[in-house]
Amino acid sequence: MSSLSACVDLPPNAASVRVARHVVTDLMRAWCAPHDVADAALLVTELVANVVDHVGGDASFTLEVTLAGSWLRIAVVDGSSVVPVVQELSRDRTRGRGLQMVQAIADRWGCEERQGGKRVWFDLSPAV
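If you read the sequence shown in the numbering used here, its first letter stands for residue 76, the second for the next number, and so on.
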C-alpha cells in the first residue's frame with residue numbers, strides 16, 4: 076500500500092484557516108486523491124477554526140495530511156490538552172456546529188493526547 080503525507084506548521088490566527096484549506100485541496104489534487112475535495116476543505120476549515128478560536132496563543136499548530144491506500148486522514152495537532160466536545164445544536168448560538176459537521180461527514184474522527192497537547196483527526200473514504 077502506498078502512502079503520501081505532508082505536515083505544515085501554521086500560526087493560530089484567522090489567516091491559517093484559509094491557508095490550511097488551500098494546502099489540503101492542493102495536496103488532494105496533486106495526489107489525485109479520489110475523495111470529495113469540498114468535504115475535506117469544509118472539515119479542515121472547522122478543525123483549524125477551532126484551534127484559532129479555542130487555543131490561540133503564540134505556539135504554532137501542525138496540519139497533517141495523509142493519503143494511505145484508499146483513506147485520507149487530516150489532523151490538527153496543537154499544544155492544548157482541552158479535548159473538543161460535540162455540542163448540541165442550538166438556535167441561540169451562532170457558533171458551535173463545527174464538530175457536528177465533522178461527525179456527520181467524516182467516516183471516522185477522534186481526538187488523542189499528544190505530548191502535552193492533542194491531535195484531532197478525521198478520515199474520509201473515497202467519494203462514490
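Keep in mind the hints are simulated off the structure, nothing from the lab. Backbone N, C-alpha and C define an ideal beta-carbon position, used for all residues, glycine too. It is possible that part of the hints are untrue.
Across the chosen pairs, the derived CB separations fall in these ranges [to be verified]: (1) Gly185 / Thr100: 38 to 48 Å; (2) Ser200 / Gln175: 15 to 25 Å; (3) Gly132 / Cys107: 13 to 23 Å; (4) Pro201 / Ala81: 14 to 24 Å; (5) Gln178 / Ser156: 19 to 29 Å.
Against the structure, the hints come out as follows:
For Gly185 and Thr100, the hinted distance range of 38 to 48 Å is not satisfied, since their beta carbons lie about 23 Å from each other. With their beta carbons about 20 Å apart, Ser200 and Gln175 fall inside the hinted range of 15 to 25 Å. A C-beta distance of roughly 37 Å is found between Gly132 and Cys107, which places it outside the suggested range of 13 to 23 Å. For Pro201 paired with Ala81, a C-beta distance near 19 Å keeps the hint of 14 to 24 Å intact.
Remark: the range hint 19 to 29 Å for Gln178 to Ser156 is upheld by a beta-carbon distance near 21 Å.
Taken one by one, the earlier hints fail for this structure at numbers 1 and 3, listed in ascending order.
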